[in-house]
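Trainee: Residue numbers (UniProt numbering), protein chains in the order written: chain A, 1 to 364; chain Y, 1 to 384.
Hint data in this document are derived by calculation from the structure and do not stem from the laboratory. Check each hint, because a few of them may be wrong.
Straight-line C-alpha distance at most 30 Å; calculated DSBU-like pairs for lysine-lysine [said to hold, decoys possible]: (1) Y/Lys297 x A/Lys25; (2) Y/Lys280 x A/Lys25; (3) Y/Lys204 x Y/Lys280; (4) Y/Lys297 x Y/Lys113; (5) Y/Lys113 x Y/Lys9; (6) A/Lys25 x Y/Lys204; (7) Y/Lys297 x Y/Lys280; (8) Y/Lys297 x Y/Lys204.
Incomplete in silico selection of chain A near chain Y, CB under 10 Å [said to hold, decoys possible]: (9) Pro188; (10) Leu197; (11) Arg202; (12) Ile216; (13) Ala328.
Stretch-level coverage of chain Y by chain A, calculated; a stretch enters the list once three of its residues show a Cβ under 8 Å from a Cβ in chain A [said to hold, decoys possible]: (14) 60–71; (15) 148–158; (16) 223–232.
Please read these numbers as outputs of a predicted model, since none were measured by experiment. Glycine included, every Cβ here is placed at the ideal spot set by N, Cα and C.
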Amino acid sequence: MSNVAIVSGEIPPPRHDTFLAAVRKGYFATPGAAAVTSVCLALIALAVWTVFRWAVLDAVWSSGGPDMCQQATGACWAVIAARWRLIFFGLYPYDEQWRSALACAAILATVVVSCFPFSWSAKRLPLVWIAGYGVFYGLMRGGFLGLPTVLETQWGGLSLTLFVFSTVVVTGMPIAVCLALLRRSRLPVIARTVAVLIDGIRSLPLVAILFTAAIIIPYALPHFLVGDKLYRVIAGFSLFFAVYQAEIIRGGMQALPAGQEEAAHALGLNYWQTMSRIVLPQAFRHALPPTINQVVITFMETSLIVIIGFFEVMASGNAAFSTAEWSATYVEVYVFVAAIYFAFTFTLSRYGAYLERRLNVARH
Amino acid sequence: MFAVLRNRKHRDIGLQVLFIGVIVAILASAVIITRRNLDAQGIAVGWDFLNYATGWTISFSLIPYDINSSYARALAVGFLNTLLLAALTLFLATILGGAIGTARLSAHRLLSKIALVYVQFFRNIPLILQAFFWYSVFTHLPNARNAYNLGELAYFSNRGFYLPGLNIERGAIGLAVLTAVALLIVGYGVRRFAVLRRNDGLVKLAGFVILVVAVAGVLSSGRIAETPLFDLPVQRGLRIAGGLELAPEFCAAVIAISLFGASYIAEIVRAGLLAVSRGKVEAGLALGLTGSQIFWKIRLPLAIRIMLPTLTNQYVWLVKATSIGIAIGFSDFFMVVANSINHSGQTLSLIFILIAGFWAINFSLAAVLNAVNRAIALRGQNVR
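One chain only, chain A, in its complex shape:
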């Protein structure tokens, strides 16, 4: 049949490898490849079996206490059953922890809603965030409708992580836009100064900036401006996020053809109109994949506030196994905390990859 097809000038249909052929090509193409496959498979099998035996077969589940764990050779998930409230809510008052859980759900819902394309407009996105943020803050802080007030110093665990993360992103984004615009300013002195500022902050470690915000800034500010330590640290963090994000937005602006800006001028739009209607919307579109990447990194970096002494999810994880009875269960707790982070960052980065594909399709 295939001979006929060639003679008649038709293009033969593409050949798909059968499953077995694909396996042979991908895994056993040469004797060397076959050897690599067998060795890797053996190692993977060993690793999977070891982990499975540790995590499932020999593990002590919720019913067991610390005594049972000491005899077991596997994982001690009882520590999670006993301490999960500490990891999620920190030192938040026990009776009010449902508020903390609801607040987390609200902020997560905000993130999910802002991931859908219909909320990507200059009006809807800020609205969604202000609403979600208001719900979060109201629930956490309380003080109305009979909800007792819970001060920020008592916030902890996952809710503190989410609070720091969302505040940093929400306040850092406008600062980033300002810095990006200033760095591209027509006025050389302003552009240079902002460039030095951005590069200077970018070459410092985040830990150093958080430390400065927590410990040093109170010395350098007049008394009425000092404020709470948590908010100073968030301010420092936002600035750090903003300088990175400013460079990403600037990259997006540089990817635009110069004709866009010139056309806007030719139509008689002024600077603000040009920027807010023409340049920035397109720049954000170009900069979306690296922006998501930066947001993912920022989420992971919130864990650094543990160094300044805040009780976020990393620190409460450390506290969960710091008592004598649970001291041997550090692997279980770290696996659990890592799983929380992984769930967030992996989902976000997959979403980023999906957006990138979507935008690439739109461009062609």
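With chain A fixed as given, assemble chain Y onto it according to the hints.
Mentor: Quick look at chain Y alone, frame taken from chain A:
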């Protein structure tokens, strides 16, 4: 008055003067307020404190240090620790990241999947969590008496790793590393001369011999007398003596940052290899080169040129990441500065030193890599 402002040029100048004025005012008021606050606490702002004894210990130090040493020396210890940690992690992360990034593109499906799992796993978990994890693992190893041992050569206990070392003074080892780097730079420069190019193989051999002889010479000058060359760790009752002792916090920092950094570098390497145009590889095939020749002589050299700018940013980022050492108690530059601030109260001077130190490391690293980038860049179009 308004006529002046209506002129765009005048308005621009006015705006810029105002901008600079505001920034200078903010900085000046911050410095003045800080000085006043420190004065109120009886702390004299200045640099005299650098000569005072610190009174606290540092657990890991490349140069001699004790509680009577000065603040200046403590800061130098921290700075050297950060340099050592940075150099070691950049090296390990590059090797591992290069291997994994290449494996991601392997025709062997299983290898590329393993590499993918590695990358997704390590880059989606915060670095500080990984550092805490390794630190906990290393401090929960058996005690010295029951330490894991590797053929009596190396021991792994909860007090640290004990590896075979050399009975050579540290100064000489540092000097040997510097010699090697200097000779490599000179060698690279000298290779440009046409006379030497004609006998490239011979010149390379000669260069290698000179390098080995020079390094061996420097090292032998630093031999500690009356000891064997190799210093092996020995189990003695409740402790392990001799050998190269590496504290758990140092090992945890090195391993955590290297594994984490490798996952990012792997993605950069992958992107760089993918950006090499298919035609170059096909040209190699047409010339009858083997797969490994094509990889080492065509794909990798072109890919390195493509990825170097991204890699530079990643290296700067990794150097900054060494500051998580403070979380697990490794005395890096940042931790020493933070300790100094707590003990001496010299906030202004020490923050200045901290910023200057990180700027010095990062800007020189970026400058060196940018110079390399310019030196190896291919001239002409269509060189990918």
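Trainee: So which hints don't hold here, by number, going up?
Mentor: Hint check: 5, 6, 14, 15 and 16 fail, others pass.
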